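Student: If you want the building blocks of each chain, they are given just below.
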Amino acid sequence: MMKSMKARAKAGNALIYAILSGLSFIWLLPIVWLIMSSFRKEPGAYTAYIIPKEFTLDNYTRLFTETTLFNYPRWFMNTLIVAIFSCIISTVIVLLTSYALSRLRFKMRKPMMNIALVLGMFPGFMSMIAIYHILKAFGLTQSLFALVLVYSGGAALGYYISKGFFDTIPKAIDESAMLDGASKNTIFWKITLPLSKPIVVYTILMAFIGPWVDFIFVSVIMKDNYQNYTVALGLFQMLSRENIYQYFTRFAAGAVLIAIPITILFIYMQKYYVSGITGGSVKG
Amino acid sequence: MKKLLILLATLLLATSLVACKAEEPVAEVKDVTLKVWGSQDDQAMLGEMVEAFKAANTGVNWTIELGVVGEPDARTKYLEDPEAAADVFAYPNDQVMDLVNAGALYEVTINKDAIVAANIQSAVDAATVDGKLYGYPMTADNGYFMYYDKSVYSEEDVKSLDKMLEVAQAAGKKVFFDVSNGWYIASFFIGAGNTFSMVDGKQVLDFNNETGVKVGEAIKAFTAHPAFLTGDDNIFKAGMGTTIAAGVSGTWNAGDISTILGANYAATKLPEYTLGGVATQLGSFAGFKLMGVNSLTAFPEEAMALAEFLTNEANQIKRFETRKLGPSNKNAAQNEAVLADVALSALAQQAPFAISQNSVAGTYWGPAEAFGLALENKDYTMSIQAMLDALVSQAAGE
Amino acid sequence: MKGGTQMTNGLKAFGKRIGLFFTHFSQGDIITKASYFVMGLGQFLRGQWVKGAAYLGVQLIFIYYMLVSGISSILGLRTLGTKLQERVWSEERGIFVVQAGDNSMLMLLFGVAAIFVVLAFVMVYWMSVSGSYQNQMTLEAGKKPLNFRQEIDVYLNEKYHITVLTLPVFLTFLFTIVPLVFMILLAFTNFDRFHQPPGNLFTWVGFENFTAALWKDPLKSKTFIDLLIWTLIWAVFATVLNYIFGMVLAIMINKKGIKLKKFWRTIFVITIAVPQFVSLMLMSQLLADQGTLNVILQEMNLIDKFLPFLSDPTMAKITVIVVNLWVGVPYSMLITSGILMNIPTDLYESAKIDGANAWVQFWKITLPYMLFVTGPYLITQFIGNINNFNVIYLLTRGGPLSLEYFQAGKTDLLVTWLYKLTVNEQNYSLASTIGIFIFMLSAFFSLIVFNKTASTQKEDDFQ
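Chains as they are written, first to last, in the numbering used here: chain G, 1 to 284; chain V, 1 to 398; chain U, 1 to 463.
Heads up, a few of these hints could be off.
[Claimed, not checked] With a straight-line Cα cutoff of 27 Å, these simulated BS3-like cross-link-like pairs (lysine-lysine) come out:
{"#": "1", "chain 1": "V", "residue 1": "K378", "chain 2": "U", "residue 2": "K317"}
{"#": "2", "chain 1": "U", "residue 1": "K364", "chain 2": "U", "residue 2": "K452"}
{"#": "3", "chain 1": "V", "residue 1": "K324", "chain 2": "V", "residue 2": "K54"}
{"#": "4", "chain 1": "V", "residue 1": "K132", "chain 2": "V", "residue 2": "K330"}
{"#": "5", "chain 1": "U", "residue 1": "K159", "chain 2": "G", "residue 2": "K190"}
{"#": "6", "chain 1": "G", "residue 1": "K6", "chain 2": "U", "residue 2": "K261"}
{"#": "7", "chain 1": "G", "residue 1": "K107", "chain 2": "U", "residue 2": "K12"}
{"#": "8", "chain 1": "U", "residue 1": "K452", "chain 2": "G", "residue 2": "K171"}
{"#": "9", "chain 1": "U", "residue 1": "K144", "chain 2": "U", "residue 2": "K159"}
Since the hints were made in silico from the structure, they are not lab data.
None of the values given here were measured: they were computed from a predicted structure.
Just chain G, with the same shape it has in the complex (with noise of 0.2 Å):
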């Protein structure tokens, strides 16, 4: 009986490998050409075949040494400055705003909730002209800050996911502090944060990506000052009808490297996805 069980475990163990390593090969797949894309020494944006005539590691140095025309390495620090800032003020917001209205009871928090949700729904390519005159009556156009503004502005918005989160830990918890004198400022900080580290790391991740893959709102608010772009939208300069023949694979190796710090960071955060963080050291 139990070996039967075990058995069968492991058939149905050995299926899900099977299903990961096939999903894996299809989702890889597209990023496997763009890699192999990066290290092609033949130029071209579209070639009949996936892995390369000739190998090279050209593509990843121009990068970083032929910065007239594209200045890669200026472009990777923007973006990585903003989107650090830009993180650490979105998931802020993100999480103090779930915070407030799922553990919270005040008079407003249902409409505001409604509205909040509402307020997405409006496709926004007008606003960004809007966004770009409000900042410049604040005299922050073409900066990098004005950048970090514009991706943490509307992050409360996007409250939904935390907020589901933060409703399944238990009440109790919250209830038994309170007892012992902390406030709620105390609470959210050292109870619900520490118990929420999966959805903060979400919360992180989501805002780190932001500035390193959007290549519209930063071409409204940039304008024509080249040396602040952030690296997609240096990239897409790249692609320009004259230029894409030549610089495709060093556009190629320029995604690669975006992909990298996200990666990273992901990689770091992972730990802190531990399983059963309510269900099994607290019992609701």
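Could you slot chains V and U onto chain G? The hints should help.
Tutor: Leaving out everything else, chains V and U in the frame of chain G:
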């Protein structure tokens, strides 16, 4: 309370004193601050030109900044914030209508006759709206023609599209033509004498007349030919020399194609196609790049002088030498190096059959692409006449 | 119904405030009365130095702002500009000197902003006045008003929500609500390419766009309806499939006995880390008619003619949904695995004792729990997919284009269609009008679902 009031009063007094002192002495040399927009590829070259301009115009304290906005983005970036836009900026002539409608450009009045005389007529026409000149012609190379592989075709072969297809098929190769693109597909209609015009800002086309239907049938036959190949620039460059024997494209690809084909590199005007049994020369769009002066500039005369300088004969030759951009200046176009350039001379051969893009509205491109795409996909559910009727009415915005 | 009662409650509260405004004044002492005119007096003179000074500062800044630009901004909203750009020939300079006119777009934007500044000021004003009255009451009752330290303590505990939400609400107003109101108001103007600033003015036209936009033109209304249907189909598939596949993936990785959990998760996160515009561009090259996938399949003799992944209408629709799975599943995997770990393990243990197999456990425990936690997330995903500009635009640009539609293709969503209309025709007012339709549709739908879902109805249950 009292202390606070005194503090406030002193503060106010202090600031007003500072303000008084800051009164400026009468300037001896005029300070002029200008900004120029150009594409990133042009920045180094523009920097040199600007230095030359400063050296040639002493007596003014120049501050000239460069900003990166390529020609295709000029209109969008300008309209987002006209005040922050450059005083002098480069734009393609297909944006001239919108920019003039938006009141974005200064009319060129200083030295107008000299500028008109120095540049080829089609470039001047492209910069002209309602008889007024709104730009300084800068390049005349934004058009398309036929690149071909000399190892496959003789000079005689490339005069006829039918012959080209036949030879390509025999060689197991393809002729590349991006028919699902309003810019390229127009060449069939232009060649047949169909017209573009603008009435009250609306696109008026006659593509659905008798000739137009014949053109449609000719495109249908062309796209159905086994040697026909469509796609984008990337597909074209990946296949040129191996699977592709010839293709329609523009000067921006000249460097890459000549590297790919090496000794077999050649280019010429577009071929003739068979329209209802008659050989007809394919037409095309001719595109120009222009320099414009922002209507909100604080220094119009100086901005105009700079724009004129940046587009003069010497600088057009410099543009050709550094970036292979074809000049619109008559003398520059006769420069030996320019005449010897394969792509530019192919463009020059095509020029008599090309029309300006000024009377093409933004509403034309979508339906034209849809029409080309249907034929490429051999989707013949609608008759040619019905498709062209739809194209014409959609382009008019109806 | 619910919104209705909320609204009447809001109005009642507002009316009550107005009443209090006058009773406080008549019952107030001289300081309270004076603080109706000089903000912060009632705090400053009663020992709340910091608060009083802050109120006074707000009042001074507000007066300065109103005089310098606020009043003219609000007045400008009436006409959206009267002074047209002019060109005057100057014989001496030899040019047509351009005299700048009003910029209607900026006048609209700053008019809207000024109104919000006034509203914010009224709120602060009310706080200062009522606070002053409360201080008077406290003193009359023989107590002392809270000092700065005590006040901070209150804001860290009883009024913690105010501390926490002030900045988010402020930023939301600045970066979301003001631009949104601006955009909505555009629909009532004639802002198009014939009325493009800075050379032209645009002005109010009332509801003209709403009638002219769609109803008068059969092709436009057909396009609108067809694209609406496709938008909804797309949103449903994109949302539901992403969610289910993401959850299944998360469950597989989290299953006991599966090794290298971190490795598997990282693999899928890498696809998030590569910017969408890069990966989608690669995808569109991979899947094009002459694309790499077709070439390879042809070389392997698996097919003899290319598969029209992106050029056949039906195939293209399937392709975008499938590619969107590639894009979206890693995200939902991340979210769901965070939450899956939080499911109380005793729920499963008791189910195991009852002999429930994995399948039953999924349906009876996992799914209800997940839906409870992520219900609102699903709604926002659905709305996000209705407005999913990136995936469609970067992958197909809405193509294959079709002459059956007005300036649109078979995979165009309403939002990409709007974008094309603004780019091709610069018809901003029409785009805003259609934007309002989408907005009302999705707001109506999601508010109903949001307020009916278990997670908002019974949000205290699991706590």
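Student: Does each hint hold? Answer for all of them.
Tutor: Here's how the hints hold up against the structure:
no.	hint	verdict
1	K378(V) <-> K317(U)	19 Å, holds
2	K364(U) <-> K452(U)	20 Å, holds
3	K324(V) <-> K54(V)	25 Å, holds
4	K132(V) <-> K330(V)	21 Å, holds
5	K159(U) <-> K190(G)	18 Å, holds
6	K6(G) <-> K261(U)	20 Å, holds
7	K107(G) <-> K12(U)	14 Å, holds
8	K452(U) <-> K171(G)	23 Å, holds
9	K144(U) <-> K159(U)	19 Å, holds
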